[in-house]
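Asker: What follows is the residue order along each chain.
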Amino acid sequence: MLARPGLPDFEYMKAESPQDVFRLLEERGGEVKLLMGGTDLFVQMRDGNESAGILLDLKYLPGMKDISYTKKKGIKIGAAVTLNQLSAHPDVTNHFQILSQSADTVGNYQLRNRATLGGNLCNASPSADMAPAALVLEGEVSLSGPDGERVMALDQFWVGPGKTALKEYEFMTAVCFPNPPSGAVGRYLKLGRSKMGDLAIVGVAVLGYPDPEVPAGIRFRIGINSTAPTVYRVPQVEELLAKAPLSDDILRQASGEAMKVSAPIEDVRATVLYQKKMVNNLTFKGLKEVWSQLINS
Amino acid sequence: MKNSEPSLIGQSVRRTDAIDKVTGCAVFVDDIPFGPNLLHSRLVRSPHPHALIRSINTKKAERLPGVRTIVTGKELSARLGLYLIDRPIFASERVRYYGEPVAGVVATTENIAVEAAKLVEIEYEVLPAVYDPVESAQPDAPLLHPDLGSYTVANFIFPEPGTNISENFKIRKGDVETCWSDCEAIAEGQFRLPPIEHVPLETHTSIALSEKSGQITLWASSQSPFAMRDMIAQCLGIPHNKLRVIAPLVGGGFGGKAGVTMEACAVVMAQAVEGRPVKLRLTREEEFVGTSVRQSLVSDIKVGCDKDGTLLGMELTYYFGGGAYNDYGVNIARAAGYSCTGPYDVPNVKADSLCVYTNHPVGSAMRGFGMPEIHWGLEQIMDQLAEQIGMDPVEFRLKNCVRTDDEIVSGMKMTPIDLEACIEKASKAIKWEKKEKPTAPNKKRGKGIAIMWKAPAMPPNPGSAAVVRFNEDATVNVEVGGQELGQGAFTVAAQIAAEMLGVPYESVTVSYPLDTKYSPYEWQTVASRLTWSMGNAVKAAAADARTQILETVADHWDEEIDDLTIEDGLVISFKSEREQPLDKMVIYGLPNEDFEGWKGGPVIGRGHFMPTYVTNLDPETGQGTRAVVHYTVGAQAVDLEVDLETGQLEVLNIASVYDVGRAINPDLIMTQIEGGAVHGMSSAFEELKFNESGEVLNPSFVDYRIATIADIPRKIHGDYVETPIDDGPWGARGVGEHVMVQTAPAIANALYDAVGIRFSDLPLSADKIYLALEEKINREK
Amino acid sequence: MVIHQISLIINGTEEGLQVPSNMTLLHALRDKLGFTGTKNGCEAGECGACTVLVDGEPMNSCLVLAVELNGREITTVEGLAENGKLTPLQQAFADLNAVQCGYCTPGMLMSATALLRRNPQPSEVDIQEALLGNLCRCTGYQRIIDAVLKASRNGGAK
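Residue numbers (my numbering), protein chains in the order written: chain V, -7 to 289; chain S, 357 to 1137; chain B, 1325 to 1482.
Calculated from the structure, these hints are not laboratory results. Incorrect hints may have been included.
[As the list claims (entries may be wrong)] Restricting the straight-line Cα-Cα distance to at most 30 Å, the calculated cross-link-like pairs of lysine-lysine (DSS-like) are:
| id | chain 1 | residue 1 | chain 2 | residue 2 |
| --- | --- | --- | --- | --- |
| 1 | B | Lys1474 | S | Lys1071 |
| 2 | V | Lys155 | S | Lys1045 |
| 3 | S | Lys787 | V | Lys280 |
| 4 | S | Lys790 | V | Lys187 |
| 5 | V | Lys252 | S | Lys1045 |
| 6 | V | Lys187 | S | Lys1045 |
| 7 | S | Lys1124 | S | Lys787 |
| 8 | V | Lys280 | S | Lys1124 |
| 9 | S | Lys1132 | V | Lys280 |
| 10 | S | Lys799 | V | Lys252 |
| 11 | V | Lys252 | S | Lys1137 |
| 12 | V | Lys268 | S | Lys1071 |
| 13 | V | Lys187 | S | Lys793 |
| 14 | B | Lys1356 | V | Lys25 |
[Said to hold, decoys possible] Residues of chain S clear of chain V, computed beta-carbon distances all greater than 10 Å:
| id | residue |
| --- | --- |
| 15 | Arg398 |
| 16 | Val490 |
| 17 | Gly593 |
| 18 | Thr666 |
| 19 | Asp761 |
| 20 | Pro794 |
| 21 | Leu926 |
| 22 | Glu933 |
| 23 | Arg934 |
| 24 | Thr968 |
| 25 | Arg1061 |
| 26 | Pro1080 |
| 27 | Glu1136 |
[Unchecked claim] Simulated coverage check for chain S against chain B, where a stretch passes if three residues somewhere in it have a Cβ under 8 Å from a Cβ of chain B:
| id | region |
| --- | --- |
| 28 | 373 to 387 |
| 29 | 599 to 610 |
| 30 | 809 to 821 |
| 31 | 841 to 847 |
| 32 | 1028 to 1041 |
Each residue gets a CB set at the ideal place from its N, CA and C atoms; glycine is no exception.
Using the sequences plus the hints, can you model the full thing?
Answerer: See below:
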C-alpha cells in the first residue's frame, strides 16, 4: 500500500494538564494517539500504519519542554524538548556532550526543530539515534499514568521494535540522566548511506571514564543501534575491556565480541554481513577515539 | 547583414527566470488556483507486477458520499505510445507492473478520493513475472504482450511478435569474426545497471478540464506539451485544436516529464465529469513507483586491439530492461545501437541492441538517453583492455578516440569535435600523472577517466518554431514551444533574440507558460536539443523581424538594407549615419514624407528549424549516410578516495570537460556541468529496489537516497572547448545530458585504481565495496 | 470533522482562517491563503521544499498542523523581499545562478535565511549542515553554498 497524500481525518486536541490526558484516554482511549513532534507519527499516518480519531498534543503540558540541571542529580529533560533545543542547551553541551552530538545526527535541521527527545525514545525504533547515548548515560524515563508517576531505567524501556514498556494510558514526561562519572568522554559514531542525515545503518555510542579500580584503568560503556530488535548495550564486551590493560588488540577483540552479539536483519539499507562488520569497525573506532581522548586529557 | 562580432553570444547574462524563482513568484502546475469547482482524484494501482484482471467492482466506492465518478479501462481500448503504441491508459485486461493504474477515482476532496480508492474491488489472477532483460528475451519467458504484432509502430523500430523483444537494432560493420585473430589483447565482460528514477523535486501533476463545447484543456508539468498533446489526441481521437496543453515551469524533468505518464488518466477522468476541472497530483511515493524509470541494462562486451593498442573490433549485446511498456524505450535501444561503440574508432563491429519488456515500471528516457547505460560498461572495459596491453588509460583513449571526419560505427562521417582536447584538459585538471596520497591512513586514493559521446536521439525530422513579437516600446516577446526545466533554455532564447535584433537583453521576455494554443510548435524538450534546434528557430525568427524593420527604414531613408544595422535599439546607417529608434516604429511604422501615408507596421518575426539531412539506416547492418545530426563529446576525470573501514567513497575532484561547439552562455554551461557531475555521481549509488513479488521497496527519499548538499565532490572543475558545428546557432550544440553520461564509469575506474577491484554492476554501495575489499584481503592472505 | 478558527501572522500580516485538524501548515499556506511559493515535494519531511520559518526557525510545513500554530509568526519566501528589494541572499542566488528549475529554491532560501540569522558568518560545513534537509536535483549544490557565503559577506539574511 502506497502512502496517501496529506493526512487522514482526525481531531486535534491540546492537553493542558495530565488530568486532561487521563480523562480523554479513559473516555475515548482506543481512538487517541499522543502527539509530540509528529515527525514520525505523521509519516506513519500517511503510510497507513497509524490512524487516530484524536491526536492529543502533549507538548504544552507543564514541564514538557523544560531542561533543568543540578550538580547533584544531573539533568532532567522534558520529553517534548526538541532535538535542536537539546543540542544547543549549555547544560547539555557542558555535561552531556554525547547527547548533543547524537541529536545533531538526526535527520536534518528543520526536522530537529520538531522532533523531540521523547518521541525519538518512545518510537522504540531499533535505529533511534538518541538511544545509544541515552543508554550509556544510564538514563531513566519518567512516565506518567492514571496511577501516578513512575521512573524506569531506559534499558528496561524498550521491549521490541516499536514496542515500549509504557502501560495503557501512560506517557513519557521526561528523561533524566545522572552526571556521568568524572572525566568521562563520549562519542556517537553513526554510519548511513549518505554522509549525514540518513537513518543509521549502525550507530555506536561509547562512553569512557577513568576507573582505577579496574585493571584497564578505564571503563567503557557501549550502546549500539540498528542491529537488533532494540537498541542495546554489550555488558560482556564492557567487562572484557575492563579486565586487562588496554591495547589495540584488546579493543579489536572487544569490537569482535560486539559484532558477535549484534543480530541485524537484512533490509533495504544494508546486508546482514555489512551491518555486522560495521558494528565491529565502528565499535573499534569509537573505543579508540575515546581512549585516545582520555589518555590525552 | 551585420558583420561585427556578436556581443551577447558568449556572455553569461542573468537567467530570465532567476528573480521569479527567488521571490516565490514562479508558477508551477500545482500553484495554479482553480477555485471551489475543482475536483480531486486518485489512481487505483496494481498490487501485482503481472496479472490478469478478472473483475473490477466500483459499486461500493461509487456509493461513498462525495465521489463523482470512477473511471476504468473497460471502455477505453485505444493505446498510448510514442514509437510503439502499446500502453493502455488504464489497464483493463492485464497489469504488467506493480503500480500500474487500473482505475481513477474523482471526488470532491482528495481525502474522499483516497477513501474511495480503497473501496474499489479488483480481482486478479497473478501471472509469473520476469524482471531480468536477458531472461525475458528467452523464448520460454512469460509473454507480456501477446498482441505485440498488432501494435502500431514507427517505421524504424523492429519489434519481434511472439517474444518480449520490442526492438532489435543491429550493427554489422566490417568483419568481426576474423578480426579477433589479429588482436594482441581481448577484453570481455558483462556489466549491469538497475532501473533508477529521475527524482524531480516537483512530482507529476495534472489538471484536466473537459468542457461541454468539446474543448479539453490539460495543465501539466510537461517537458514536451506538443508531444503530450499529440499522443493523447491520437489515443483518444480528439482533434489537435480541441486539446490544449498548458505547461507552466517544470520543477525538474530529466526526461521523466517528456512523454505521457499519468496525464492521459487525468484527461479521461475529466471527460467523465464534464465542466469541472480534475486534479491529479502524484505523491512522492507514486513518483517513485508509478512514473517511468531509466531502463536497466545488461551489456555483454568483447573488445580487442592490436599490440600498439589500436582498437580492431567490438562485439556487443545490449539487453535493455524496457519495463512494462514503451515510452521512449525502443528508441533508446536504437540510439544505443547506432552509438554502440562509444566515442571510439572501431573498424569491425557486430552489435545487437535489444529492448525487452519486463515487469518493471515503464522504461524511458533519462538524461543521456541510453548513453549512461552503455558507457557504464564501455568505459570500464576500455580500461581493462588498456591494462592488458600495458597502456595508460588516457593514452589509450587519445589513441583510439573518435575524430572529426572519421567514419563512425553507423557509417556516418563524424561531425566536427575535439575529444582529444577534452581528454587532455580533464586529465590535466586532476593531475593525472601524479600518484597522490590519501588524506587519511584508513583511506585509499585513485584516479580514473571516462569519455563519452551522445547524439540527439530523435526521429529524423523534429521541428522547432519561434515567433518574435515587438511591443510599442521596442521591448520584445519571444514565443517558443521548448520548455524551461531549469537548464536555462529561455535565457538562451532571449540572448539569441536580443543578439539578432540589436536590442538590450533586458528588453526581451520569453513568454510562458507554454500553451499549445498560442506557443509555436516544438517537437520536444529532450535530447539536449533546444540551444541548437530551438536556438536556430529563434535566430531565424529574429532575423525575420530584423529584416522587416530594416526594410521599412531603408525604404523610409531611401537607402540599401546592407548599409543599415540595429544596435542598442537604434537603427543606424553606416552610410548616412542617420538613426531611428525602434520604439513606436516597430508597431506604428514610419510616416511617409509630409505624412502622405505610412509604411511598416507591427513587427512579428517567424522562424523555424528542422534537420532535413538525417537518413535512414539499413535494418540489417545499421549503416547509413547520416544516422544523426551531430555528436557532443566530453571527458570526465575523477580523483577519489575510499574509506577502508566503511567502504564509503568520497570524490575529491571531478574534472568535466565537453566540446560545446560554441558557448552561448558560458556560466549556464558551467551550471550544467556542475549539476550533471553531482547527478552522475548520485546515479552511481541509486537503485530502485524490488522484492521478489515486484513491489518497490524504497519509494521514498528515506530509502531512495539522492545526493544531498553534504555528499558533493570537494571540487568540481568544469571546462569546455569550442569546435563549432555547421548547423547550430553560432556553431553551438547541446550539453545538458552529456554532463552525467560517464560519471559512474569514471568513478568505477578511479575505484579500480584505488583498490584494484572492478565493479561491473551498479550501484556502488558502500556495503558492496566494503565486502569486496574484505574478500580481496582474505584472498590475498 | 472539527473546523478550527485560527489566526497566523504571515509575513507580518495577521490572517484569520478556518482549518480542519488534519490540515498541515503547508496546505493551509498553499490552498487556504494562496502562498504558493512554499512547495510540496514529499509531505514526509525529507526534501525541504516546504520549509518555512515559524517564529524565525525553519520547519517542514508538511509536518506541522496549522491548528498547532494559532497566533504564531510564519515567514514564507514571499516575505523575504520588501518593496521589490531582494534580500542579499536572494540577490546572491540570482547572481550566482544558484537556481535552476527553482522548485527547491524557496525552501533553500528559508533554511539559509535562518542559518544566516543564527550564524552570520557560516563556514561551508555549517551551510552543508543547515541545508542538509533541502534536496536539489539540478544544481549540484555548490552554487547554493557559494550564494550563502556571498550573502554572508553582503549583509546576511536581511
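Asker: It remains to establish, for every hint, whether it holds in the given structure.
Answerer: Consistency of the hints with the structure:
Of the pairs offered as hints, the one joining B/Lys1474 and S/Lys1071 holds, with about 18 Å between alpha carbons and a cut-off of 30 Å not exceeded. In summary, the hint linking V/Lys155 to S/Lys1045 is supported, as the alpha carbons are separated by about 28 Å, within the 30 Å threshold. About 35 Å separates the Cα atoms of S/Lys787 and V/Lys280, which puts this hinted pair outside 30 Å; it is violated. Our distance criterion of 30 Å between C-alpha atoms is met by S/Lys790 and V/Lys187, whose separation comes to about 28 Å.
With a CA separation close to 29 Å, the supplied pair V/Lys252 and S/Lys1045 stays within the 30 Å bound. Between V/Lys187 and S/Lys1045 the alpha-carbon distance is near 21 Å, which keeps this suggested pair within the 30 Å criterion. Between the alpha carbons of S/Lys1124 and S/Lys787 the distance comes to roughly 29 Å, so the proposed pair stays at or under 30 Å and holds. Distance check on the hinted pair: V/Lys280 and S/Lys1124 sit about 26 Å apart at the alpha-carbon level, within 30 Å; holds.
Between S/Lys1132 and V/Lys280, the direct Cα distance comes to roughly 25 Å. Compliance with the 30 Å bound is thereby established for this hinted pair. Taking the CA atoms of S/Lys799 and V/Lys252, the gap is near 26 Å; set against the 30 Å cutoff, the hint holds. Distance hint between V/Lys252 and S/Lys1137 is fulfilled; the C-alpha atoms sit about 23 Å from each other, no more than 30 Å. Between V/Lys268 and S/Lys1071 the CA atoms are separated by roughly 33 Å; this puts the pair beyond 30 Å, and the hint is violated.
Between V/Lys187 and S/Lys793 the CA atoms are separated by roughly 22 Å; this keeps the pair inside 30 Å, and the hint holds. Distance restraint check for B/Lys1356 and V/Lys25: the Cα-Cα separation of roughly 26 Å lies within the 30 Å cut-off, and the hinted pair is therefore satisfied. Distance to chain V contradicts S/Arg398 as a non-interface residue, since its nearest Cβ pair spans about 8 Å, not more than 10 Å. Once the 10 Å rule is applied to beta carbons, S/Val490 is consistent with being away from chain V; the minimum gap is 24 Å.
Every beta carbon of chain V lies more than 10 Å from that of S/Gly593, the smallest distance being close to 31 Å; the non-interface claim holds. Taking the minimum C-beta to C-beta distance to chain V, about 42 Å, the non-interface status of S/Thr666 holds against the 10 Å cut. Every beta carbon of chain V lies more than 10 Å from that of S/Asp761, the smallest distance being close to 46 Å; the non-interface claim holds. Chain V leaves S/Pro794 outside its interface by the beta-carbon criterion, the shortest separation being 17 Å against a cut-off of 10 Å.
No beta-carbon of chain V is positioned within 10 Å of the beta-carbon of S/Leu926; the least distance is around 52 Å. Chain V leaves S/Glu933 outside its interface by the beta-carbon criterion, the shortest separation being 62 Å against a cut-off of 10 Å. Non-interface status of S/Arg934 relative to chain V is upheld: no Cβ of that chain comes within 10 Å, the nearest being about 62 Å off. Every beta carbon of chain V lies more than 10 Å from that of S/Thr968, the smallest distance being close to 47 Å; the non-interface claim holds.
Here S/Arg1061 does not stay apart from chain V, with its beta-carbon only about 5 Å from theirs, under the 10 Å limit. At roughly 41 Å from the closest C-beta of chain V, the C-beta of S/Pro1080 stays outside 10 Å, upholding its exclusion from the interface. Every CB of chain V is more than 10 Å from the CB of S/Glu1136 (nearest about 18 Å), matching its label as outside the interface. By the rule of at least three residues with a Cβ nearer than 8 Å to a Cβ of chain B, the coverage given for the region 373 to 387 of chain S holds, with 14 such residues.
For a cut-off of 8 Å, the count of residues in the region 599 to 610 of chain S with a CB near a CB of chain B stands at 6, and the three-residue condition holds. Check on the region 809 to 821 of chain S: 0 of its residues sit with their Cβ under 8 Å from a Cβ of chain B, so the three-residue criterion for coverage is violated. Given as covered by chain B, the region 841 to 847 of chain S passes the check, having 4 residues with a CB less than 8 Å from a CB of that chain where 3 are the minimum. Here's how the region 1028 to 1041 of chain S fares: 6 of its residues keep a CB closer than 8 Å to some CB of chain B, so the rule of at least three is met and the hint holds.
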